[in-house]
Amino acid sequence: MWLRWLIWVAVACLGAFAFATLAMARGESVSAAWMLVAAACTYLIGYRFYSRFIAERIFKLSADHPTPAERINDGHDFVPTHRGIVFGHHFAAIAGAGPLVGPILAAQFGFLPGILWIVIGAVIGGAVQDLVILVASMRKDGRSLGHLAKDELGPIAGLVAHGAVLAIMIILLAVLALVVVKALAHSPWGAFSIAMTIPVALFMGLYLRFVRPGRVGEASVLGLIGVAASLWGGQAVAASTWATAWTLTPVALTWWLIAYGFAASILPVWLLLAPRDYLSSFIKIGTVLALAGGILWVLPNLQMPAITQFVDGTGPVFSGSLFPFVFITIACGAISGFHALVSSGTTPKIIASEPDARFIGYGAMLIESGVAVMALIAACVLTPGVYFAINAPPGVVGADPIAATALISGWGFPVQATEMAQLAKQLGEDSLFARTGGAPTLAVGMAHIFSQVVGGPGMMAFWYHFAIMFEALFILTTIDAGTRVGRFMLQDLLGHAWPKLGETTWTPGVVLTSALITAGWGYFLYQGVVDPLGGINSLWPLFGIANQLLAAIALCVGTTVILRQAKPLYAGVTLLPLAWLLAVTMSAGWEKLFSASPKIGFLAHAALIDGILAAGGVPAGVETAADAARLAFNDRLDAGLTAIFLVSVLIIVAISVAKWLTLTRRPVPVTQS
Amino acid sequence: MTGRLLTGLQAFWGLLNGDADYHRYVAHMQAHHPQVQPQSRQAHYLRKLDQRYTGVNRCC
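Chains as they are written, first to last, in the numbering used here: chain D, 1 to 673; chain H, 1 to 60.
Simulated from the structure, these hints should not be mistaken for laboratory data.
Among these hints, one or two may not hold up.
[To be verified] Anything over 10 Å on all C-beta distances counts as not near chain H; from chain D, calculated:
| id | residue |
| --- | --- |
| 1 | F17 |
| 2 | Y50 |
| 3 | Q565 |
| 4 | L576 |
[Claimed, not checked] One-sided excerpt, in silico: chain D residues whose CB lies under 7 Å from chain H:
| id | residue |
| --- | --- |
| 5 | G75 |
| 6 | A93 |
| 7 | G214 |
| 8 | W270 |
| 9 | F338 |
| 10 | A481 |
| 11 | A625 |
| 12 | A626 |
[Said to hold, decoys possible] Incomplete in silico selection of chain D near chain H, CB under 10 Å:
| id | residue |
| --- | --- |
| 13 | L116 |
| 14 | S144 |
| 15 | V216 |
| 16 | D277 |
| 17 | C332 |
| 18 | S336 |
| 19 | T504 |
| 20 | T507 |
| 21 | V511 |
Built from N, CA and C at the ideal position, the CB exists for glycine as well.
This is chain H alone, in the form it adopts within the complex (with noise of 0.2 Å):
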């Protein structure tokens, strides 16, 4: 029970802090453009930000 919790656990800190982000991008590239190379974990990371602070981002 302790392991699932944990488990649970890493799944939802790779959530929140982007970890899981990256993987779903590797593992979308990979099934839909797989002769593409997917960027690098920086590049990856960067676009990202890139992409959240353009556009109205957040209220008062």
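Next up, chain D with everything else stripped away, as it sits in the complex (with noise of 0.2 Å):
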């Protein structure tokens, strides 16, 4: 007995020395094993004692009270399931880009801070709302989030969550969409490999329907061989005369994944979307787990130093100071609302026990974080100038190889024209300047790695185009999906208005809500691409809001449904979270509205181009008056969608500290003699 205690002391007295060595290093540098090492001991003890706290004391999960799967087992939507299985789903379902953009861009402040809210913030904020999430979904038969906000704090906070939800995923959707862009830009080898993937997935649908019927392994093993083909023929063409058909400017790429995400997302289920989305599940999982390996074989020596400069907002990948951003940025590796979603999915349904959640729930929240821990990783162990000047945008260091890199060997961070040139060429890219979103940064870093295992130098340009291809990959499932679900929320929506559009059958309003849904994204994405700043710059933050914004409306829910069953104290676990998140979210939003800074708030922003557009110029990297004025449009536009989330929030907070009150102040029991 006192033997596991002192286990446990031990790994907590690793954990903490761990995290002093990263926190205490200043010029040398730190082996990436200290961050596995902190991030591990961290999730270890979260999962046994805090996940176990909420768990037993809390919600007092026991085998002994049925899940809605065992009571209900209709062989449909209520089936048990293996917990392996269980975790499986909802691991991949909440597992996606998030996690592998978010700290690649929050290493510009160095590595400590990226380290220290990933592995804090999900063992306190993100595992804890999955887990208060589907546990509360569970006992009320596998509700949806928004149900459950209406159920817990009224119709008007139901509806706000739903408005909430949808406007969150056109963000998400053009966000992630503009990833792809900025990373299949320019790259014949990138654009030809995913294009492939097209004709794959289609291959396997029609057999899955028609040749082997519910086959799903055979066919992915099919679909892997020609996965691997595509990444061969992508090497082949780019050395062809058909690289330049296949080098897409960014504005191209765009019309093609909107008129990709529009076509999938109407043609049946069973032809592209399943299929994608099976492939993209075993080459996302795979690639994780040899990414874990392939850092732990190498235990690389984290370049980029712990803190930067840029902690006081002057950075060139994103503007805005450590606090409040370095938080909304790496949102899914830490805390994400859209995990409350899916925990409120089909993954309460399925739970064959009751105490199987803290595993599900709590521990798929974990391993994400680790995911994200593992990017920071990739991230930090290149040269940081190399990192600069990969992901510093034209709008900050200009167009000209030689400029940017003395700009950024001025900031500190020494790097060579010469150098980028010849890691470009290494690599099999024409150039690596600007290639922002964090999706190329990755693959360097993985092919770091990579090569460093198997292959050597020689392989380095196979492993980065797999890394960008493994990406591009799923994100494109999620673009596809994505597109599919806010088709279904606003049919839902507008179903209340005119009820023919509700029919999910009826193609005119099948086709008609996919076109609007596509058109919302396509817009953000649109006005990302062609913005000189990047983009990323701009919509990164504000999906990153609204995120944690709808965290926060989940830990509203989770805390209520605490305070209707435990003891008061105990809605400790969730308001916690949900403090910081409204004191991060609320400071971030007011930033991005009300700055004086024209490189971090909107309005600012819009008001300096309208400046510049009066005095009869226009702004660096903008070519006509036009195109100005557009984006001092979308930087208005931008605010407001802020605003109402921030607003949004507010009025669900204030209904639920009012629910609270009601709850915690019981009428004292008259006593009858």
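Since each chain sits alone in its own frame, please combine them into the complex, following the hints.
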């Protein structure tokens, strides 16, 4: 008994020592191993103690309470499933591109802020949210978050939650599409490989429907062979005369992506969407495991310093100081409101035994947080100068490689134009400059790590394109599935006004709503692509704020659920992250709206553009006055959206606090004599 | 021992790709609704897909 306590104390000490090593690194490079140790120790302690406290003391999860799967057990939606499988489904549903993009962008502050927020935020915030919402939904037969909000907090809260979810969905899709555009632009190898995955998926779809129905494993193996062939084909195409045909500008890619998203969301699910999903899930899980293995094998040194000067807000990758923006930029690896939607989706309906929820809800989020740690490591093993050269948009460093590298070296991160040119050649690309959006940086980091395990420097180009393809592949699947989900939400919403539109089988309605959703994210995507500051600069914080605000809504619902059934003190587990999130997102929202710096504030930026236009000029990086006017309009639109998000959350918090007060002020019972 | 390992892997593969799903569905139908004919493999696969891709099913 005491031995177990001793082991846990040892784990805690090891974790603390690892954090101390990371925190006190000044100048000398630290091994990535310390990050892994610090993260692993914290996750273990969080899971063993904190999640057990929540599961057993607060919710009293017990195998004796039947789950909806056990009770209803209808062979379709409610089927008791082995916890390993539920974990796999749940993890595959929550783990997208978020944990891979956010940490890469946040690396501009140095590695320390990122690792602290990823690990601490997940253990105290994200995993708690996922677990609480999962249990809350499971105990109400799998009701969705919007429904739970309506149940616990009233119809206004329910409506606001629904609206927020739809808006977040649109921005999420735009941002992810932007990441893909930035990764594949001017890259014939990349564009060809990804394009070929569409016919591969179509083949799989037909195979699974007509040739060997339901044999997903077989079809996936064939699909994987097809994808590998596409990857090799890409290299051949890039070296051939077709290379120019496949070298696509960002704007061209944008139109292709919009067309693809629209088509894929309308075509029958079995033809394109489902096979893509199977394929990308296998590749995603395989690659994440391989990356973990690679990092453990190589144990690279972190080249990025612990803290850089950009914590003051002058960073090139995105503007904004450490507080609150590091907490907005890293969303999915620490806490993500969208997970609450998944936790109240299919997962609660298939849990076989209540105590499984702890492993699935809390555990899956910890693993995703681990993925975020690996992404941070991949970004930080690059030479800092190279990292900034890849991630700084032309609006900040200009378009000339020599001037850009001189500027970056001037910041204290030495890098040479020749070095960048050599790296690009080694990776099979024309140029790595201004490849913002996180995916190329991750790919370079992964290429460094994988080539040290297999293949050496000669295989860097292959690993780089493999990594690009891996990320683009499952992002595309998120885009088509997400457009479809958005379409359902919109049909549901519009169906209240005009019932015909709500019918999911009425083709004109389906086409119209799909077009609307696609146009929604397509608009933001286009604006992001033509933005001289890179698009990620403005869209990612918008996405982060929206996501965290949804998390705040979920935590309000969670707090209410806990207050109904447990000691008020226990609500602290959700109130603590909620309070933090509100502080962070309100500050960030306020700054994005009202900051006087045009680099941060949307309205200030719009005013700056107006000023330049009034004086008769055009802002740097913009061609015509009409383009500039559109940029200013877009700034104001983003500001409007931010304001709507902030107000929505304030409404829900106000409703929630009122509810909590009534719940905690129970009338004193009248004793009978 | 290799026999057990292989059976285990086969079971895992079946779970992973949904073969086990169909067998479980058929077993459920036979146990609870013996008078109803279970759906064909193709129909079951299509219905599972429809169910899977309705509602919010993934994150960022």
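Structure-based check of each hint:
no., hint, in the structure
1, F17, "holds, 33 Å"
2, Y50, "holds, 22 Å"
3, Q565, "holds, 26 Å"
4, L576, "holds, 23 Å"
5, G75, "holds, 5 Å"
6, A93, "holds, 5 Å"
7, G214, "holds, 4 Å"
8, W270, "holds, 5 Å"
9, F338, "holds, 4 Å"
10, A481, "holds, 6 Å"
11, A625, "violated, 36 Å"
12, A626, "violated, 33 Å"
13, L116, "violated, 21 Å"
14, S144, "holds, 7 Å"
15, V216, "holds, 4 Å"
16, D277, "holds, 8 Å"
17, C332, "holds, 5 Å"
18, S336, "holds, 6 Å"
19, T504, "holds, 8 Å"
20, T507, "violated, 16 Å"
21, V511, "violated, 17 Å"
When each numbered hint is compared with the structure, violations occur for hints 11, 12, 13, 20, 21.
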